[in-house]
Amino acid sequence: MNPIFEEIKDAIVDGDEDLAIELAERVVAEKIDPVQAVQLGFIKGIEEVGAAWTSGEAFLPDVMMAADAMKAGMDVLEEVLAAGEGEGAYEDKGKIVLGTVEGDIHDIGKNIVGALLTSAGFKVYDIGIDQKAEEFVAKADEVGAKIIAASALLTTTMKSQKVLVEYLDDNNLRDKYKIIIGGGPTSAKWGEDIGADGWAETADEAVELCKQLLG
Amino acid sequence: MLPKFDILTDEQINKIHKNSLKILQEIGVEFSYDPAIEVFKKHGQRVEGHRVFLDPDFVENMVEKAPAQFTLHARNPEHNLVCGGENVIYMPGYGAPFVYDADGGKRDATMADYDNFVKLAGASKNIHMTGGTVVEPTDVSDDIRHLKMAYSHIINSDKCFMGSSSGYEFARDAIELTALLHGGLDVIKEKPALICLINSVTPLKYDDRMLGGLMAYAEAGQPMVIASLVMAGSTGPATMAGALSLQNAEVLAGITLTQCINPGTPVVYGSTSAVTDMSTGSLSIGNPENALFTSASAQFSRFYGVPCRGGGGLTDAKTVDAQAGYESMMVLFAASTTGVNFVLHTAGILQYYMAMSYEKFMVDDEIAGMVLRYLKGFDTESDEKMAYDVIETVGPGGHFLTQKHTRKNFKTEFYRPALSDRQSFDGWSKDSLDTNQRAKLKWQEVLANYTPPELDPAVKEKIEAFIEKRSKELMK
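Going down the list, the sequences are from chains A and B. Okay, so the first sequence: first residue is 0 according to numbering that gives the first Met the number 0, each after it adds one. Okay, so the second sequence: first residue is 0 according to numbering that gives the first Met the number 0, each after it adds one.
Simulated from the structure, these hints should not be mistaken for lab results. Keep in mind that a hint or two might mislead.
Which chain B residues stay away from chain A? Per the calculated CB distances, all over 12 angstroms, these [said to hold, decoys possible]:
{"id": "1", "residue": "ILE36"}
{"id": "2", "residue": "GLU77"}
{"id": "3", "residue": "LYS188"}
{"id": "4", "residue": "LEU400"}
{"id": "5", "residue": "PHE424"}
{"id": "6", "residue": "ASN448"}
{"id": "7", "residue": "ALA457"}
{"id": "8", "residue": "GLU467"}
{"id": "9", "residue": "MET474"}
Subject to a maximum C-alpha distance of 25 angstroms in a straight line, what follows is the list of computed DMTMM-like cross-link-like pairs (lysine to aspartate or glutamate) [unchecked claim]:
{"id": "10", "chain 1": "A", "residue 1": "LYS177", "chain 2": "A", "residue 2": "ASP140"}
{"id": "11", "chain 1": "A", "residue 1": "LYS158", "chain 2": "B", "residue 2": "ASP141"}
{"id": "12", "chain 1": "B", "residue 1": "LYS147", "chain 2": "A", "residue 2": "ASP140"}
{"id": "13", "chain 1": "B", "residue 1": "LYS41", "chain 2": "B", "residue 2": "GLU168"}
{"id": "14", "chain 1": "B", "residue 1": "LYS461", "chain 2": "B", "residue 2": "GLU37"}
{"id": "15", "chain 1": "B", "residue 1": "LYS317", "chain 2": "A", "residue 2": "ASP140"}
{"id": "16", "chain 1": "A", "residue 1": "LYS188", "chain 2": "B", "residue 2": "ASP185"}
Note that the structure is a prediction, hence the values are computed from the model and not measured. Here a beta-carbon is modelled for each residue, glycine too, at the ideal position from N, C-alpha and C.
Next comes chain B alone, as it looks inside the complex (with noise of 0.2 angstroms):
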C-alpha cells in the first residue's frame, strides 16, 4: 500500500481542532432528542434547553475511547472487512431518490432498481460491499422500506452491508435483520455486522431521527458513520477552514455522545463537505474543494484515531460524460490516496447525491479499479520482481514479449481495465461506442451473469418471517 500523505501541517491541524473545540464549548451543539440530552447531563456536561456545550477535555477523552479500526463482518467471511488503518471500503452510492438513464431520462427509483445495483455491487470485483439506501425505492412504503431494503441486501449478496439510521424504531429492525442472519444480537455485539450513516444537520444540530437511530446501534455495539455535510457559503462559513472547523465540531460531538452511551463502540468519523454554487445553491461536489476536505478529513481521523469516511465518484454532472469522469476521479482518488477507510457513494452518483445511474455505476467501478491499482504502489520485495536476470537475458534491443517472465507477471502487475477502450481507431469505430453507451451494455451483462449467494434456508426463513411480522405491525 501507498504511503497516505497529509495535507495540513501539525500547527494547521491543531488551530483547526482548537477552533472546534471552542465552538463545541462557547457556541454548543442543538440536539433535539430527549433521551441524548439527559446522556449529556448524566456525563455533566452544562445544558440548555436543547443545547449542550461540550467541555474540551471531556470531548478529547470520549473520542479517545473509539477504536482506531474494527472488522465488520459478512455473512461469508471471505468478504470481512477491517475498516481502518492502511484499508479502503467501496461501495455504492446512497439515499439517490431517482435514477438517470441512458439516454438522458429521468424518473423515480424503484425496489427493482433497488435490487439491482445490490447486485452490480455483489458481483464488482471493485466495490467491496453492497452499501446502504443505494437507491430510495419510492415505490415502496417509507414505513417498511427499510425492511425491503434489508432484505435485498441479505438475499441478493453475501457482502457487508448498511443498516437504517432513520430512527430508534427502524435502527432496531435492521439490527435485529441482521441479527438473525448471524446468529443473534450477542453474536453481532461481539463481532460488529452492520454499519449505519448518522448525518448532522448542519450548522450544529443533530435532528430526533438520526439521534434515535445513533442510540440503538450504540446500544447494540454497531458501528456508525457520524457524519456532516458542511456547504461551505451557505450552510457554513465560506472559508475552507471555518467549514473545516464546523464539521470538525459537529462530528466531534456525535463521537463523543456514541461514546457516552456505550464506550468503545466502533465510529467512523464522516466528512461530505463540500461547497454551495453561488448562482443556485445548490450543492456542488466534484470539485477541488471537495477533494481538500475529503483529505483533511482523514488527516483528522488520524489525528483522533478512528478511521474515515469521505469522498467516492462524486460529480454534478447529470449524464455521464467527460464532467462525470473527471469529477469522479478526482474525488475518489483524493479520497483512496490520503487516508480515507470508508467511501460512501464510490460508484453510480450523479448530479450532487440526486440520482443514480446504471452507467456511472460501471464507470466509476472502472474508477475504483484503476485506485486500487495505484494504491498498491510498486512490489520490490523480491529478485522476481526487480526484474534484473531478465533484463540480462533480453539485452540491449530485443523485446519482453516472449520472456516467461513477462507472461507470469503481467497479469497481476497490470490493471486491466473492463470498461475503458483501448483499440486502434478502425477496432474502435466498427461501433463506434462512447463510455456511456459501453457501460449500459455492460451493467445488462453483468446483471444477467450474476447469481446471488444462496442463503442458507432455514435463516432466509426467519428473515422473511420477521419482515412478514414487523410488516404487519407497521402497516396497520
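Bound conformation, chain A alone (with noise of 0.2 angstroms):
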C-alpha cells in the first residue's frame, strides 16, 4: 500500500487542512490511484473519528476539523474523481443540502450538523447562512442532492422553515426532495406542523434521521 493513504488518514485525524489539501494535490500529481487515497485515506480517517465521536473519546473541534480537511482534500480530487481514473469508483452514502434560513444569521448548529453528516459518509453542501428556499432548491437541483436540511435559531425565524415546505408544494417538487429542520427553538410538533419529512434535537440525531430517509 502506497504510504501516503496512511498520511492522508492521520491528516483528517488531526483535522489538519493544510496537509490533507497538500496530500491531495500530490496523489494528482503523481498520479497515484485517487479512489484508492479516498478509501484508504481521506475515508479511513473521518471513520476513525467518527469511531472516536460515537465512544465519546473526541469533542466537537476533533470532528468539525477532520469534516472540514476531508472537504478540503476531496475538492482537490474531485476533478480526477470525476473523470473516472483510479480503479472502482468511490460513492458517498447521499448528498445532503444544508443552510439556515433566510433572515436567520446563526451557523455553529448548522456546521456542526454538517461536520458528522460528513464523519457519517454523507457528502454535505453547506450553502451557509439567510438563505432564501429558491437557493437551497437551486443547489439540491445542482448536486442531486434527495435531502434538504434547514436550521432555525430564533422563534421569528422559525417561520421560513414553512415557507421553504411551501415552495416545495407550490413548485410541485414536494416529492423530489425529503426536508429536515433544526433549531433551537423547533420541535418534533413544529416539524409536523409544517409539513416536514423529520425534525432532530441534535446533531447526532440528525445524522440518525439522514441514515432512515436513506436507508
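Need the complex rebuilt from these two chains, each delivered in its own frame; the hints are there to steer you.
Now the structure itself:
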C-alpha cells in the first residue's frame, strides 16, 4: 500500500486541512489512484474520527476540523474522480443540502450537523446562512441531493422553514426531496405542523434521521 | 449590604480592557443597520462597508457619558427601582419558547403561561420586577406579540417591566404604551419607565433588529441592557480571558453607539457569557465558568461606572431536580455577591434558556429570598442587635426561647423559607413530597390567591385603544 494513504488518514484524524490539501495535490501530481486515496485515506480517517466521536473520546473541534480537512482534500480530487480515474468507483452515502433559513444568520449548529453528517459518510453541500427557499432548491437540483436540511435558531425565523416547505409544494417538488429541520426553538410538533419529513433536536439525531430517510 | 468582592486584580482588568480596545480598533465590529453606520461616520469613526473600527479614546469617552445608576419607574412608585450601586434587581427568565411541566412534559409556551409568570412575579416579594418576554407565547402571531406581552405586564402587575427590542417599530410600540401608562413620552424621558434587552450576535456583530430597537430606546431616553453572550469554545475563544475580552469589546461597542445617539442614556453592561458543551455544541450555563464571567462582568461594570446585568437562576437541567437547584444557586449567588445589579433570568429557567418551568420559578424564588437575606449581612448598629443585655439576663445555661428580645427579633433576622421543608422525618413523610411536587402546589396556590392591582380605567381604555389600532395596522 502506498504510504501516502496512511499520511492522508492521519491528516484527517489530526484535522490538518493544509496537509490534507497538500497530500491530495500529490495524489493528483504523482498520478496515484484517487479512488484508493479516498477509500484508504480520507474515508479511513473520517471513520476513525466518527468512531471516536460515538464512543465519547472525540469532541466537536476534533470532528469539525476532520470534516473540514476531508472536504478540502476531496475538493482537490474532485476533478480526477469525476474523470473516472482509478480502480473502481467512490460513492458517498447520499447528498444533503444544508443551510440556515432566510432572515437567520446563526450557523454554528448547522456547521456541527454538517460535520457529523460528513463524518458519517454523507456528502454535504453547505449553502451558508440567510438562504431563501429558492437557493436550497437550486443547490439540491444542481448536485442531485435527496435531502434538504434547514436550520433556524430564532422564534422569529422558524417560519422561514414553513416557507421552504410551501415553496416545494407550490413548485410540485415535494416528492423529489426530503425536508428536515432543526434549531433551538423548533420541535417535533413544529416539524409536523409545517409538513417537514423530519426533525432532530441534536446533530447526532440528525445523522440518524438522514440514515433512516435514505435507508 | 455586604461589600461586593472582586475576582480580578487591577492588572488583570487593565490587560483585558486593553485587549478589548485593540479588538475594537483593529478587528472592528459589524453593524448591519445603515442608520447605525451613519451615526458612527458622523462621529468620525473609520467605517469599511458595515464594519466599524472604533478609536480607543473615543470608546472610553463615550462610555463615560453613561450614568452610574438610574431609577426605573413603576406605575406604583413603591416599586420604583434603582439600578446600580449596591442594589440588586431580580426578575423572571426571558425568551424561552417552551414550558416544561412538573411531570416531565414539554410543550410550546402560550399567552396564558405568559400571564401566569407575570402574575407569579407580581406576587413574589423576592422578585422585584415582572421582566419581559417571560416566555415566547407562540400561540400569538409574532406581528402583534409585543403588544400582547406589554399589555400583560401593564395589567397583571404594577411593578417595572421590559419592552420589545425587536426592531425599531415594535420598540416604538412598547415605548408608546409605556408613555400612555405614565402620562406621556416627555414624562418617561424624564423618568425612565421601560427597559429592554439588546444582544450582540457573537462574535463581533449587531443585527438590524437589535440595532433598530437600540435606536428607538436611545432616542426615547429609555434604558437598555447591552448584552453579549459568548459561548466560549464556539462563538468565542476557549480561554476565559479571551472570551471575556471579546464580550467586553462587544458590550463597549453597543454602549458607545447608545451614547452617540443620546448622551447620558441609561445603559446596563450585560453579560451572559458561558461555555459550549464540546460534545453537543449546546450552550451550557449552570457552571463555574458562567459564574466567573458573571462576576468579572460586575467588576468591569464598576470599572466603567455603569450598572451590570448578569447571572440568574441558571441551569442546564431539564426538570426541577438537584442539578437545577445547585447550578441555579451557584450562578445567582455569584451574581448577587459580586455586584450584579440587574438579574434577568432570576426565576424559572431550565435547560440553558430553552424552557420556563412553574416549579423552577418557585424554587428560584426561594433561592432569591435566601440570597437577598445573605446580602443583608450582619446588623451591628444598635445595642439591641448586639444583644449583650439578653445574654446577661439568660446567663450561663438557660435558653432564649422565652425572651422578649427573641420574639421581637427573630422574624427580621431569620429568613423564613416558603418552599424548603424543615420538618422532622415523620412530619415530612406524611405526604413525602419532594421539592418539585411542593413547588407545583405552591405556584397553584399563589396564582389562585393573586389579585392584580387595579389600573385606572381611563388609562386602561387608552392603552387598549392603542393596542387595537396597532393590531389592525400590523395584521393587515
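Now for the hints, and whether the structure bears them out:
Listed as a non-interface residue, ILE36 (chain B) keeps its Cβ farther than 12 angstroms from every Cβ of chain A; the least gap is roughly 17 angstroms. The Cβ of GLU77 (chain B) sits about 34 angstroms from the closest Cβ of chain A, beyond the 12 angstroms cut-off, so the non-interface label holds. Once the 12 angstroms rule is applied to beta carbons, LYS188 (chain B) is consistent with being away from chain A; the minimum gap is 29 angstroms. The claim that LEU400 (chain B) is not at the interface with chain A holds, since no C-beta of that chain comes within 12 angstroms of its own (minimum 54 angstroms).
Interface exclusion of PHE424 (chain B) from chain A stands, the closest Cβ pair being 40 angstroms apart, more than 12 angstroms. With a closest Cβ-Cβ approach of about 32 angstroms to chain A, ASN448 (chain B) is found to remain outside the 12 angstroms limit, as its non-interface label requires. The non-interface label for ALA457 (chain B) is consistent with chain A: the shortest C-beta to C-beta separation is roughly 34 angstroms, beyond 12 angstroms. Every beta carbon of chain A lies more than 12 angstroms from that of GLU467 (chain B), the smallest distance being close to 23 angstroms; the non-interface claim holds.
Distance to chain A confirms MET474 (chain B) as a non-interface residue, since its nearest Cβ pair spans about 15 angstroms, more than 12 angstroms. In summary, the hint linking LYS177 (chain A) to ASP140 (chain A) is supported, as the alpha carbons are separated by about 13 angstroms, within the 25 angstroms threshold. Proposed proximity of LYS158 (chain A) and ASP141 (chain B) is supported: the alpha carbons are some 10 angstroms apart, at most 25 angstroms. Under the criterion of a C-alpha separation no larger than 25 angstroms, the hint pairing LYS147 (chain B) with ASP140 (chain A) is inconsistent with the structure, at around 43 angstroms.
Between LYS41 (chain B) and GLU168 (chain B) the CA atoms are separated by roughly 24 angstroms; this keeps the pair inside 25 angstroms, and the hint holds. The hinted pair formed by LYS461 (chain B) and GLU37 (chain B) fails the criterion: a straight-line CA distance of about 36 angstroms is larger than 25 angstroms. Our distance criterion of 25 angstroms between C-alpha atoms is broken by LYS317 (chain B) and ASP140 (chain A), whose separation comes to about 40 angstroms. Pair hint LYS188 (chain A) plus ASP185 (chain B) does not hold up; C-alpha atoms about 46 angstroms apart against a cutoff of 25 angstroms.
Figure legend: structure checked against the earlier numbered hints; hints not met, in rising order: 12, 14, 15 and 16.
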